[in-house]
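> These protein sequences, in sequence, are chains A and B.
Numbered according to this note's numbering, the first sequence spans residues 2 to 333.
Numbered according to this note's numbering, the second sequence spans residues 2 to 333.
Don't read these hints as lab results, they were simulated from the structure.
Just so you know, these numbers come straight off a predicted model, no measurement behind them.
Worth double-checking, as some hints may not be accurate.
Any copy will do: because identical chains look the same in the list, a pair fits if it lies in one copy or spans two.
In the DSSO-like style, the derived pairs of lysine-lysine whose C-alpha atoms are separated by at most 27 Å in a straight line are [said to hold, decoys possible]: (1) 313 x 102; (2) 313 x 90; (3) 323 x 114; (4) 92 x 165; (5) 228 x 212; (6) 314 x 212.
Protein chains: 2
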Amino acid sequence: MLRLLATCLLAWALAAAAQAPDPLPSWNDGAAKKAILDFVQATTTTGSPQFVPAPERIATFDQDGTLWVEQPIYSQFVYCLDRVPVLVKAKPELAKVEPFKTVMSGDREAIAKLPMEQLVKILTATLTGMSVEQFTAEVKDWLAKAKDPRWKRPYTELTYLPMKEVMEYLRANGYRTYIVTGGGQDFVRVYSQRVYGIPPEQVVGSAAATKFTYDKDDKPFLMKEPKLLLNDDKAGKPEGIHLMIGRRPRAAFGNSAGDREMLEYTGAGDGARLMMLVLHDDAQREYAYGPARGLPDTKVGAFPPALDAEAKKNGWTVISMKSDWKRIFSFD
Amino acid sequence: MLRLLATCLLAWALAAAAQAPDPLPSWNDGAAKKAILDFVQATTTTGSPQFVPAPERIATFDQDGTLWVEQPIYSQFVYCLDRVPVLVKAKPELAKVEPFKTVMSGDREAIAKLPMEQLVKILTATLTGMSVEQFTAEVKDWLAKAKDPRWKRPYTELTYLPMKEVMEYLRANGYRTYIVTGGGQDFVRVYSQRVYGIPPEQVVGSAAATKFTYDKDDKPFLMKEPKLLLNDDKAGKPEGIHLMIGRRPRAAFGNSAGDREMLEYTGAGDGARLMMLVLHDDAQREYAYGPARGLPDTKVGAFPPALDAEAKKNGWTVISMKSDWKRIFSFD
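Bound-form chain A, shown alone (with noise of 0.2 Å):
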């Protein structure tokens, strides 16, 4: 009798077990998939050689091209040429220089051409010279309105499902997930928490000083100051990661050379650790650049040859948007 119920109760746990819903639905069964699920199997399971402890638990993602579309120019960057009009209509003489006057044009090849001195003085003009809030309330109207030319719906939609299931699927089993990002940090945090699950507290990014001053009824605030303290991008990354979490991430993901130090930072510690690195190799249903087109490190949001080379020899896990993403967004 005892034993009858036994193998009754193993049955029912296999069963139950094999009915476990996938916790990464959107993602076609291989080795990405299988990389994923072993490495949270490894360090949560109590027991487990690889097992560990719920505080060291803390995930790195890179955001654009690794959680959502960043061809053909990032989002924050068509904000900020979204926001140059409404700078020229408060003051009018900005139309007649530079750079100012090639992004009034609109002609999308001159704007394209416009060199890197001249860029920074969109970036600052759009993200600086404002009060946090601000600026806050800036992107949050321009979140509401704006729409990706390609596919006709709001930036925030365009987010890779996959990549939220690993975030949910990390979390659900103790992870901690940062974004780690070269975009703006207090741009991200505007929408993190609502697209992400993620709260501000958990975005690094790229970020201008800012300078606590007073109003003119007396009222502090802090401004946004046209001084880069981060530029959350390469060797930046581990060190945002260092200053802002102060821990070695488990597992890193992203897309680019952009990523690479972050990439080689998580997998220099002890014990296991995740580093992948998606692979833009479906120009139907996404894009194709970085190596899956031949490109070299110059394009935006590249993954150059020899960071897939890398990738081999650090046995870092490539992400085949193409073959591994069953869908891409969740509006498929």
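Given the structure of chain A, go ahead and fit chain B onto it with the hints provided.
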């Protein structure tokens, strides 16, 4: 019968409430203790007009003079002075040049008179120029051995029990507690979890830049650079809070002019806010300085008369060590 049951239940509930352990047993009854209890009650009771959603429950604490003893000199500066002989042993030529010569002389009066640029040389030599891991190991080693000359105990025991109770009480009510210190972020992170129950990612402090680089075996690491990235004092506190947390605190605790802007920033938000200042007026059990002794704003950790006036104007609550704290240290 039902009425009897209801009466019994009510009596039981009241008795249970009356018997609930005091969350702040080291505090005497008074305005300060009441301010803390009222604030937590108002912001965490469902249906309260001042209810604060859990994600927004952020409380920030200055460290030196607010969480632990800062007299006669900051413990971290004692660390720096204690490291000088080690540096000199490695580089004997340093013994002949200032400020190391004076430090090696052991002449406390002469050390106290070193000008700022010489002090910066001591900080730079002892806090930078090594990997993050090496620095952490050195601080751990020092903390295990160093003792405060007055109490003959490790510095980490010179933490204020009543403030630890406040942090514990806030955390039990869904608040996340952060240290926001003018002291070194990497220094405080070494012991913040053990001593205060605060994890490294919740320590905001003055920070040197780090540089991502590679050792001779091509293994990446972060080098602490002689470049101040964040001066987390005065206006630098709200600026650091925005950078690292991205939310305005609901409660802030300090003790000196270095905390003024943090308290102002906290108080400038909507809804219930709690701002408190620890007044060192207990020369017998700890120290008396600042307005308690009528000192000007020149002494380390002073609570200047102007801040006292501002506290009154802004409704900040002053904590008197002498009358509000039943016990000061856990070894009392």
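> Checking residue 228 and residue 212: alpha-carbon separation at most 27 Å within a copy, between copies, both or neither?
Both, since 10 Å and 19 Å are each at most 27 Å.
> As a check of your reading, is residue 313 near residue 102 (CA-CA no more than 27 Å) within one copy, between copies, both or neither?
neither (46 Å within a copy, 53 Å between copies)
> Classify it for me, residue 313 with residue 90: is the Cα-Cα distance of at most 27 Å met within a copy, between copies, both or neither?
neither (52 Å within a copy, 45 Å between copies)
> If the cutoff is 27 Å on CA atoms, where do residue 323 and residue 114 land: within, between, both or neither? Let me know, please.
Answer is neither; intra-copy 31 Å and inter-copy 68 Å both fail.
> Can you give me the call for residue 314 and residue 212, within, between, both or neither, at a CA distance of at most 27 Å?
Classified as between: cross-chain Cα gap 24 Å, same-chain 44 Å, threshold 27 Å.
> Is the C-alpha distance from residue 92 to residue 165 at most 27 Å within one copy, between copies, in both cases, or in neither?
neither (41 Å within a copy, 53 Å between copies)
Taken one by one, the earlier hints fail for this structure at numbers 1, 2, 3 and 4, listed in ascending order.
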